[in-house]
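A.B. asks: Sequence:
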Amino acid sequence: MNQSKQELKRDLVRVKEKLTHLNSDLTLYNQLFSDRENVQVLNSSGALVFHRFQQCLIDSIYMSISRLLDPAKTMGSKNLSFAYLASEFGLQGDTEVAEEIGLAITQYQDSKLKDYRNKVLSHNDHKTEKLDFYPFNIVLITELLHRFWKIVSLIEFKAGLVKENYTMSLEVIFPGDICGEALLCKLRERI
Numbered sequence: 001m002n003q004s005k006q007e008l009k010r011d012l013v014r015v016k017e018k019l020t021h022l023n024s025d026l027t028l029y030n031q032l033f034s035d036r037e038n039v040q041v042l043n044s045s046g047a048l049v050f051h052r053f054q055q056c057l058i059d060s061i062y063m064s065i066s067r068l069l070d071p072a073k074t075m076g077s078k079n080l081s082f083a084y085l086a087s088e089f090g091l092q093g094d095t096e097v098a099e100e101i102g103l104a105i106t107q108y109q110d111s112k113l114k115d116y117r118n119k120v121l122s123h124n125d126h127k128t129e130k131l132d133f134y135p136f137n138i139v140l141i142t143e144l145l146h147r148f149w150k151i152v153s154l155i156e157f158k159a160g161l162v163k164e165n166y167t168m169s170l171e172v173i174f175p176g177d178i179c180g181e182a183l184l185c186k187l188r189e190r191i
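Take 1 as the starting number for the sequence shown in the UniProt record's numbering and just add one per residue.
In short, the hints are calculated from the structure, not lab data.
Be aware that a few hints might be false.
Unchecked claim - With a Cα cut of at most 20 Å, we get these calculated PhoX-like pairs of lysine-lysine:
no.	residue 1	residue 2
1	Lys-5	Lys-16
2	Lys-78	Lys-9
3	Lys-163	Lys-5
Whole structure, please, built from the sequences with the hints as guidance.
C.D. replies: The following block contains the structure:
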């Protein structure tokens, strides 16, 4: 361990916060855009605004996934990623942790999310006229999120921070008036 245990715990909390935000973004996306009727309500209320919001949510989700799968360091700078946590907790040689991170990276690369990140989100790739990554693959993102929480649980368990592995639900429950469903109800009232 290169850092103090307290600093490492803070980094772990930050990664868990990023996963929680990712869960929230996916929940909002599902509430607003996964149902055809909801999309019609949004389009009749402000098609351009909601189309841009949809695009921003998708890009945010893709970028968050990408960052969590970054190497431990890039050009000498530490990345707040699973590889970084594994390295700092001395688990880079642990076969279970390495296997789970490896499976997540393989799924990420095979899905072409990495290409989208590199050619669209991170750079203005001159050769890429347009790289569509739609429709949004909710199943893929859900599978990755389940794996991400499994990785965090495994790191915490192997580092001795929790007594047993745990499973996190991806369901995010927003307070009544601030969720996507509440917004849709308000928009329906105005139509």
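A.B. asks: Give a verdict on every hint.
C.D. replies: Hint-by-hint comparison with the structure:
1. A threshold of 20 Å between alpha carbons decides the hint, and for Lys-5 with Lys-16 the separation of about 16 Å falls inside it, so the pair holds.
2. Between Lys-78 and Lys-9 the CA atoms are separated by roughly 16 Å; this keeps the pair inside 20 Å, and the hint holds.
3. For a cut-off of 20 Å, the pair hint linking Lys-163 to Lys-5 stands: about 17 Å separates their Cα positions.
Against the hints set out earlier in the document, no violation occurs for any number.
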